[in-house]
Amino acid sequence: MTETVGSTATPDSGNAADEQSETLSRRDRKRANKAAGKDGKKKRGDRPNIFARVALFYRQIIAELRKVVWPSRNDLTTYTTVVVVFVVVIMALVYGLDTGFSSLAKLVFA
Amino acid sequence: MLTAFARAFKTPDLRKKLLFTLGIMVVFRMGAHIPVPGVNFKAVQACVNASAKSGNGLLGLVNLFSGGALLQITVFALGIMPYITSSIILQLLTVVIPRLDALKKEGQAGQTKITQYTRYLTIALAILQATGIVATASSGALFGSVNCDTSQIVPDQSIFRIATMVITMSAGTVVIMWLGELITDRGIGNGMSILIFTSVAAGFPSSLWAIKVQKGWATFAFVIIMGLAMVALVVFVEQAQRRIPVQYAKRMIGRRAYGGTSTYIPLKVNQAGVIPVIFASSLLYIPGLIVQLSGSTAGWAQWVDSNLVKSDKPLYGGLYFLLIVFFAFFYVAISFNPEEVADNMKKYGGFIPGIRAGRPTAEYLNYVLTRITWPGSLYLGLIAMVPLVALGLFGASQNFPFGGTSILIIVGVGLETVKQIESQLQQRNYEGFLR
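Chains as they are written, first to last, in our numbering: chain W, 1094 to 1203; chain P, 61 to 495.
Isolated chain W, as found in the complex:
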């Protein structure tokens, strides 16, 4: 339910519903929700059309992306340098091995 109905705010596990139906027990509310869902499917007008839903989904994606912790500039430079150094070291090593082995192979097999 939370996926199509509602805002970009993170869903709060039906807390919004609590306000409307405080007196109903949890199971009753669930049933009521289910019935409402079925009705909505039949009417079809209730449900926002596909474009509205895609737009909502898109807004939700943006909202989640805002909550992502992106690496800081400092982190980024450290990680990038470390990865580049590591890759260059391995590459140099493999290159050295390759030249050695290929000349060895030429010596043995040719």
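By construction, these hints were calculated from the structure, which means they are not laboratory data.
Here are the simulated BS3-like cross-link-like pairs (lysine-lysine), alpha carbons at most 27 Å apart as the crow flies:
{"no.": "1", "chain 1": "P", "residue 1": "K406", "chain 2": "W", "residue 2": "K1160"}
{"no.": "2", "chain 1": "P", "residue 1": "K406", "chain 2": "P", "residue 2": "K165"}
{"no.": "3", "chain 1": "P", "residue 1": "K102", "chain 2": "W", "residue 2": "K1199"}
{"no.": "4", "chain 1": "P", "residue 1": "K310", "chain 2": "P", "residue 2": "K407"}
{"no.": "5", "chain 1": "W", "residue 1": "K1160", "chain 2": "P", "residue 2": "K479"}
{"no.": "6", "chain 1": "P", "residue 1": "K165", "chain 2": "P", "residue 2": "K407"}
{"no.": "7", "chain 1": "W", "residue 1": "K1160", "chain 2": "P", "residue 2": "K328"}
{"no.": "8", "chain 1": "P", "residue 1": "K479", "chain 2": "P", "residue 2": "K76"}
{"no.": "9", "chain 1": "P", "residue 1": "K406", "chain 2": "P", "residue 2": "K164"}
{"no.": "10", "chain 1": "P", "residue 1": "K479", "chain 2": "P", "residue 2": "K77"}
{"no.": "11", "chain 1": "P", "residue 1": "K328", "chain 2": "P", "residue 2": "K406"}
{"no.": "12", "chain 1": "P", "residue 1": "K164", "chain 2": "P", "residue 2": "K328"}
As the structure is a computational prediction, the values presented were derived from the model and not from experiment.
Here the structure of chain W is known, so what remains is to put chain P in place on it, guided by the hints.
Just chain P now, with coordinates in the frame of chain W:
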């Protein structure tokens, strides 16, 4: 910072693991240079040199993944491609076949069984591919339209010789599989990734040099700068996390209080890592392989050959993109199970503030995960498309070294491995690389 590398070597336990991994890499590269019995080494060398000048379509990528061993027809010619392909197939099948699903849920014992099936399938695929390569090598089609004396590659085409070649190559693949598992067990990082990383890294220097020779220093410098920028971009996205706060309830057991800590579940934007790219590219390689095996020149074969083999065709690009997006979601669904995480949290008295434990938590995790994976998967697909753009921009050659696939593999595996070394260092209270 770089002293951390030295410190990593000073820790006896870690040094052992690092040296072990390096040793396996040495063995892996050695096998990539030992020719299979029955081929004429000199003729192959001549053809390889000739084909290095004119890019080779289908085999370019496979050759990249085997670190140049394929075209040389060596013992390790197949690389770890068969192993990867078979593990993809088994992971796909667990969704389809209920028995495999049951095995997967069984835990350790079931997982061992699945690993066993993966190995058998690897052998089958290896035999298939080895047969294909030996057949194309002996008919001279392996090098395509390259101008060299292909009739001399396999001088003696008796059935015994051919069988020996196929068996040797398949055995080589099995050895590679074993090496990979050894790294996973006793070395650093995931063996499969480390070996593919080694292969890709092996091709890098020569293709970079080829750019310098063909286009001069200016383009070379431009490519290097662009490569560094891409590395930074990949690192940036790989490091981005959506942190979901988790609060643990305080418990009194006897007179002592336990728990009451707050942590978070890190959901990476690109939770799937490099796996989707590897999966997608090895899946797209299959149609070309089938055509090559069948050796047919019928209509469909020519269609496949012209549309699905070279990476600069729009159909190939589009399909590649879609497959990457699909596998990103697929792999996240396999590797991260919101229900399981929610269950575990419930068991240990943890909850996400504002959300009930149990099913609502699982739903919430799923909500965040689907929304965060969309941009992640699109990013993966777009990065993989970079070579196409580069191709259009300044007519770079087919095996453009900073192609999306190779750069994702290099940076992804590099980052993962460095982080593992880092965490091992931190276990011993050392400052790691990444302060």
